[in-house]
Amino acid sequence: MSDDKPTAPHFGAIIGAGVPRIDGPDKLSGRAHYAADQQPADLVYGYGVFSTIASGKVSQLSVARARQMPGVIEIFHHGHFPKLYRSPSSFAQGNKVEETRLPFEDERIYYAGQFVALVVADTFENARAAAREVEVSYAEDHALANLDQGVAAHGTRAGRGDHSRGDAAAAFDSAAQRIDVTYRTPVETHNPMEMHASTAWWERDHLTIFDASQGVVMARNALSKIFAIPPERVTVHAPYIGSGFGSKLWTWPHAVATAAAARELGRPVQLVVPRAQMFTTTGHRPETRQRLRLATDGNGKLVSLRHESINTTSFTDQYVETCGSVTKSLYSCPHLTVSHATTQVNRGTPTSMRAPGAAPGLFALESAVDEMAVAVGADPLAFRLDNYAERDESLDLAFSSNHIVEATQRAAERFGWDERSAEIGSMRQGREIVGYGMAACNWEALKRPCDARVSLRADGTALASCATQDIGTGTYTIVAQAVSDLTGLPLERITVELGDSSYPDGPVSGGSWATATTLPAIAKAARVALDEMKRYATGTNGAFAGVASDELEVAEGGLRNADGKQVSFADILGAARYGSADGEAHTEGADAQYSYRSFGAHFVEVRWDPGISHLRVARVVSAIDVGRVINETTARNQVEGAIVMGVGMGLFEATEYDARNGRPVNNDYAEYVVPVHADQPEVDVILLDYPDTRFNEYGARGIGEIGITGLAAAVANAVYHATGKRIRELPITLDKLMDDVPEARTA
Amino acid sequence: MRAFDYARAENPAAAIAAHGSDGQAAFLAGGTTLLDLVKLDVMQPRKVVDINGVALDRIESLDDGRLRIGAMVTNTALARDKRVVEDYAVLSQALLAGASTQLRNKATTGGNLMQRVRCPYFRDGVSACNKREPGSGCAAIGGVNRSVHAVLGTSDSCIAAHPSDMCVAMAAIGAKVQVEGPEGRREIDFADFHLLPGDTPQREHALAPGELITHVVLDAPLAGSRSAYLKLRDRQSYQFALASSAVIVQMDGNTVREARVALGGVGTKPWRAPEVEAALKGEPASEQRFADAAKLAFEHAVAYSHNAYKIPLGQQAIVRNLTDLTIA
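First to last, the protein sequences are chains A and B. The first sequence runs contiguously to residue 865 in our numbering. The second sequence runs contiguously to residue 332 in our numbering.
If we strip away everything but chain B, and leave its shape as in the complex, we get (with noise of 0.2 Å):
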């Protein structure tokens, strides 16, 4: 671990000051990322923030109907919600799906959307890897590329999957994301928020040199809708989706109304799946229906050494977890 200052702020504005936009500073909210990676000397921060007091931890309803999230609102308490067990229960369930007890109730909501990738070439500080050092290539391609490298969104730069799986219930929610920095605050798209790595890899996100993020505000819930998420790997607890599927659907009966799909442990980012819902709207639940409709979530997939098996393993992600919903 290298030497770094260190701050504490009591408020966002606070926060965002004593961060600037250098480039140098990191905010420290649940630290489950940042103090990891630090000590790996793969992040090298030569300031960090500590934000734990800014108070962003208050879970609201809104009088639209939204959910709106302290970004330092820690998994447990947003898992255990009453709002989000009853309303959102995707997330609830993606959120318990994820690490451990114990980083649970130190990870945040608004740290879980900054969570870095877990290739163990980015990771080990010496591998070719272009997220960690632009340019030097990536070692995954080639490499081993099993458990958590992903099938879609990947670049020539870069195959990494995204990591989280509270962001792959927000994909499927609808969601924004609210920042604050020194041009003061907007609102990103959670379908923008994260970026594909394409030939940057190192630009893992939508924020501006020293945006902090203060919310997130789930869109409303689909009324009447079902959802549940189904997380796939190795073990059965704290290990990061092989494939995982979030899933909300609104029934007419038989029918599928409306449904969204959103896809983990596959992608380079939490991956909505709109050719899947399209083909799923006004269809009867069957599996074969699911089966021919998940199929089109991998269209584009490209599989690598190890990885192929996540195609069809993706697939069975969203099968299942629609059928269960649906059918079971």
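This is chain A alone, in the form it adopts within the complex (with noise of 0.2 Å):
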């Protein structure tokens, strides 16, 4: 493994503390306000009409019932709507989005759930009501309804971040024990508590809007080239969000409607998507169907490696789920092939979700090492210490950090995989066979550019302002630690702003990436802040006039000379008469000497009960190594809320459309099937804790994402553990796993 011995930067306790999130009472007691809870003067809601249909195009849409229905302000529809533009969609522009075309573009329909209509009026419910009577004819064509009817149709087209090197195939034919498999994966959908809302108004020609969005800077960006003005003139409000999972990383079709119709009518307005589009019109992890060729030497040594995937997306635009991203350096392999393609369906487009790619590809390649590793009569864990990377052999460059060993010894250790028998469904409990199963787990480090900006204010208190976003995830709060660490103010004499576009540039909260790009950023602004104070206390009338600025120390939210005395940032303030001491900063995005990635390893025990074919996972064990962690607090939320998920995924969640017109038949909460707290195994989370310092200065590598990778593929090779099924298709329903199911009625 690497060979990193961080220098240990300077941080005090408050750095890796779990001091609880400085945004939870106003959490609790109702004070945060999301999109939907925008009450401004005159506001007026809308309603989305929605395509009933999958493929096709609208024949015929009359208002005029829904026009007389009480409180129908207006009805925006394809021959009614005023003419917008596309976003070029450009990630390094700042400007993407996931789905390019408009709303009400035209007559044709590319999915069911697509808006069709937005009815606007006085209230919510009149809005409803009135939507429900907007006549809609369809000329409805023969929809493709999933990914093998949408490879039958039309084939692939080639995605992205495909690899290769050396000759996969050769070396899988002339090799000594092979494996071919193929892995599915169903569309899922985020579902985050609070769903998509926007409140927008116009002032003269600025857009205000309020949006439950992951990313403030690339929807104002995004709005602005879609309704052509000076991005200025945009400001896109997300202080609180109810989480995203990545739905809310990019502006979808209903912020572009409601902020069309807030001009149009020249009056705030508000809409909430319903749960149903949730599933619709907001994006999805895309289904998968994935080929896995891996060969191993007489030694046991990964000789060939092949991931090829495809994975569905819509007919208005190409989203590729890269499964073979951790593919490509998770394992020390010579002959290695990985390509991604994706075929159309009449989805929505899909979107990031948890982990895109490396979540279902994991799925495909935890399970295939498991495989291989029974075919070669290896224990699995034994396996993978044997065949790790000690270097990213894809980018040819060493890893930052790496402790995927510690990390999968450690969690073994405390799992207590010496004490499982390999023979399938040989440990037992009562009426229980009990499965242990293991997967690696990875995801990529990214420090993306950052503006912030610190204030030292008169009153003692602190400002920190940065456009980037707190989605649950605890942003607010370690902001807060980096700024009291540097300043030695408490925490909670520091306000910390986030969630608006006007603030310096932030990044998006997704991709692991908020923390590593964010602290630095937040860090450099409060150095400025506090060399622009020390210049105040050494000026003319200045508390330290005459004393060097260098010989000023920060101490306890003050500063203090070789002598002791201790002056507080207030009275420096105070005495030059200013009202604050400002920094400002811009970090740059992390350089590439290194390959930046986690790691980690779940170990997964499950019970069977063959009696009644239930399936619960029971225990899982998780090692994570993200780098320093800067609140213990959150980090291990981040990693536990992962694994629950990865047990919905492995278990429960596949979003299901009829075979025969492409419409989804399980979009709501009852039906789409999550955990519940009944279904929580025992979880227990170690936190490696080493500092990556040639990543950022705080040596983190951020921690939203990694938990859910690999958990579902450990989850299955425990089940086949336990059971001797290998589930390749996820999720492991228990029908997977009955013996003596018999035929269905063919209709």
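Rather than coming from a laboratory, the hints here were simulated on the basis of the structure. There's no promise every hint is true.
[To be verified] Keeping only pairs whose Cα atoms sit at most 20 Å apart, straight-line, the calculated EDC-like set for lysine to aspartate or glutamate is:
| hint | chain 1 | residue 1 | chain 2 | residue 2 |
| --- | --- | --- | --- | --- |
| 1 | B | Lys51 | B | Asp67 |
| 2 | B | Lys43 | A | Glu251 |
| 3 | B | Lys86 | B | Asp67 |
| 4 | B | Lys299 | A | Glu750 |
| 5 | B | Lys299 | A | Asp857 |
| 6 | B | Lys51 | A | Glu550 |
| 7 | B | Lys299 | A | Asp853 |
| 8 | A | Lys201 | A | Asp298 |
| 9 | B | Lys43 | A | Glu243 |
| 10 | B | Lys43 | A | Asp858 |
| 11 | A | Lys843 | B | Asp238 |
| 12 | A | Lys854 | B | Asp238 |
| 13 | B | Lys299 | A | Glu861 |
| 14 | B | Lys43 | A | Asp240 |
| 15 | B | Lys43 | A | Glu253 |
| 16 | A | Lys843 | A | Glu489 |
| 17 | B | Lys43 | A | Glu258 |
| 18 | A | Lys854 | A | Glu508 |
Build the complex from these two chains, which are given one at a time in their own frames, with help from the hints.
In structure tokens form, the structure reads like this:
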């Protein structure tokens, strides 16, 4: 493994401490106002009319009846909507959207649940009632309802993120042991608690929009392109977000429709996306089919690895689920090919969902590695330890910091892996068969450019601002911790402002980027502010007039000289009659000297009761190497939450579509099954906490995604150990494990 | 939601009068089905008669050993009633296996009998559904039918499973449904209350137009019996049964003197399994005997594209429940 001996940065105890969220009391008491809580004067309400067919066109749309309904103000549709412009959807320009087609562009229908009209009325209830009265006739085409239908109808299109080294085919053909297996994962839907919502209004030519957004800067820039106005005339607010899991990274059609309606009507408009349409028009994790071909030499070393994936995308945009992103570098293998392709189906455009690519990709890869270990007669743990890569062979770079061996060994020890009896079904407890399974987890670390501002104020408080967001993960709190650490101010005297595009540009809250990206910018800004403070203090009438700035040190929210004289920031500013000492800073993204990734391993115990066909995940032990942990509480919470989500991915979650017409059939919270409290396993998370100072000064790599990667594979591998059944298609529902299921009636 | 008239009734007679029998009105009890389906525009009552003031909220022990439950007794109150916990454990367990605490606090005994199916094609307001729009067809046949569709009592018109847990326990216990309507009062055997879909899946129950359920009277408990409800599902709470069993068993040493078995999640109505009961009577308790008997419940089962597994799963629900009550 990489030989990192980080210089211990001089951070105080508050970095890493599990301090409670500073936004917790506001959320608990209802003072935290979300996008749909905004009540500007004159607010009116939008409600969508959504396509009931998945493919075809609107042949006729009549609003005559709906217009007669109480409280109706306006009804927009493809024949009655202002001209807007598409965003170029450039990540580099910061205006990416996932679905580039604008609402009501034309009469075409690409997926069920697509907006076909927007009713605006004086109340939410009146808007909804009137939406029912909009009469829409469709000319329905045959819909492509799933991946197999898409591939059969028009094949695939190349994706991105491919990689090849050596000659995987030749190495496979001449290898000692080989497996060739195909895995499938279904559409999964993010389902954050807070539904997508937008409240928008215009003042003169300025658009203000409160949007449930994981990226206010990206949304501002995209809306500026769509409305063809300069970005400074758009302000996007997202002070609180009821989570997003990726579905709120980009601007979706409802936000565009809401902003357009507000401009047309000259008053604020609010729209909340109904839960049923959270499955259709705000993204989802696409369906995948992944073929894995692995081969080993006589010593159980991987010699060939091919990971070819296909995912569904929409007819409007190409979204690539990069299932092989981890495969490139997790294991050492001289001959390796990773490829991604897409096929178009009649579903809305997919988008990133927690650990995009890696979550479905590691289900396949880590299941296949388990199958390979079984094929060569090796313990799955030993097989992995033998094959883990020591450097990133895809980039030909050293890892900045990699403790996967230690993570795997420590989790194995805590879990009690050595008590595993290898024979299938050999471990029993009462009526239950016990299965042990494991898998590696892995996620890229990315640090983006970032701006931030920190002000030390005359009232003895500090204000830190950045146009990133806290999507419920603790960003407010860790920013306050960083400011507290550098200034010596207690947390209660630090105000953090996020989620406003008029603040200095910050990153989207996604990809586990926010911590590594935001904290260095905050720290740099704080240092600039402190330097400013020292200048004020050492100025003519300053508290430390005549003292050299570099003789002053920061102490407890003030400055102190070598003699122990200490003056608070407030007094320094007061003496100079200044309101604040301010620092603004810009930090760059990570350099390309190393491969920056996070590592870990999951160990899972399942229980299978064949007498009632009941499968449960009883226990999970995970060791995670994400660099330095900034907040023990929120970090643990991220991993534990991701494990729960991984249990859902493994056992329950699938958005189902009717194969005959492409309509989703379980698009509600009752029938789309996610784990409930009663399904929770015992969860034990080990945070390794090795600062990765090659990545950034804090040594933090981000923690939101990694916990879900590999978890479903660890479950599947444990299921195999318990039952002897290798389930290669998620979710692992009980019917897939039952014997003697009769044939269905052929209708 | 469409506009409707709203009336609040103080007693059953007033409720019945306000409701009328033109088929356009709905009684509002806990509202856990009605309000949901009204918001989805699947139910479109012109008038809603709120019966939360009618005071049918008592549980009374009758002199003949039966238990009379007011239609407005909530699921929570019924599940926690000492007499139910002690004499009808299967009912208490079934109620607590259903929905969530919040829903059970609102849902009522009468309302639970009137619960509508969870078939997504019924609820989506668009697909072919003979229950919602007679004659339009059944999209569930040939569609997605893994979770909330039946293998017993289905027809080519409808395969939706009855969703209630409570009713499965009542089917096993035996009960009378007391109703009051424009024509007066009458009693309906619990077994006759819910109808098979046949060619008329829009008709779900034996109530005449305008009739209001006032009480459910449980048969006296089977002396010396034990009972339990076993619900099998994907997740461990807040999901409708994939298969469930309500079992009441009276033993004579190691021999089954009498057993009552009803099934949920697999039938288009709460499904009593008399053939299983007959096969168990007088037999020694053994897993093999139980398995042989359980098979009989599914002799006429029809498996649809995704729910064939319910045939073995339903048998497992019977066998495990019987085993736990008599052997384990």
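Here is what the structure says about each hint:
1. B:Lys51 with B:Asp67: Violated. Lysine 51 of chain B to aspartate 67 of chain B sits at ~39 Å, over the 20 Å cutoff.
2. B:Lys43 with A:Glu251: holds (14 Å)
3. B:Lys86 with B:Asp67: Holds, because 17 Å separates the two Cα atoms, which is no more than 20 Å.
4. B:Lys299 with A:Glu750: Roughly 54 Å separates the two Cα atoms, so the pair is violated.
5. B:Lys299 with A:Asp857: holds (15 Å)
6. B:Lys51 with A:Glu550: Not OK: lysine 51 of chain B and glutamate 550 of chain A at ~53 Å, beyond 20 Å, violated.
7. B:Lys299 with A:Asp853: holds (18 Å)
8. A:Lys201 with A:Asp298: The given pair, whose Cα atoms are some 52 Å apart, is violated under the 20 Å limit.
9. B:Lys43 with A:Glu243: holds (10 Å)
10. B:Lys43 with A:Asp858: Distance ~41 Å between lysine 43 of chain B and aspartate 858 of chain A Cα, so the pair is violated.
11. A:Lys843 with B:Asp238: holds (18 Å)
12. A:Lys854 with B:Asp238: Given that 20 Å is the threshold and the Cα spacing comes to 12 Å, the pair holds.
13. B:Lys299 with A:Glu861: Holds - the C-alpha atoms of glutamate 861 of chain A and lysine 299 of chain B are around 16 Å apart, at most 20 Å.
14. B:Lys43 with A:Asp240: The hint holds at about 18 Å.
15. B:Lys43 with A:Glu253: holds (18 Å)
16. A:Lys843 with A:Glu489: The given pair, whose Cα atoms are some 11 Å apart, holds under the 20 Å limit.
17. B:Lys43 with A:Glu258: violated (27 Å)
18. A:Lys854 with A:Glu508: Roughly 37 Å between the alpha carbons, so the hint for lysine 854 of chain A and glutamate 508 of chain A is violated.
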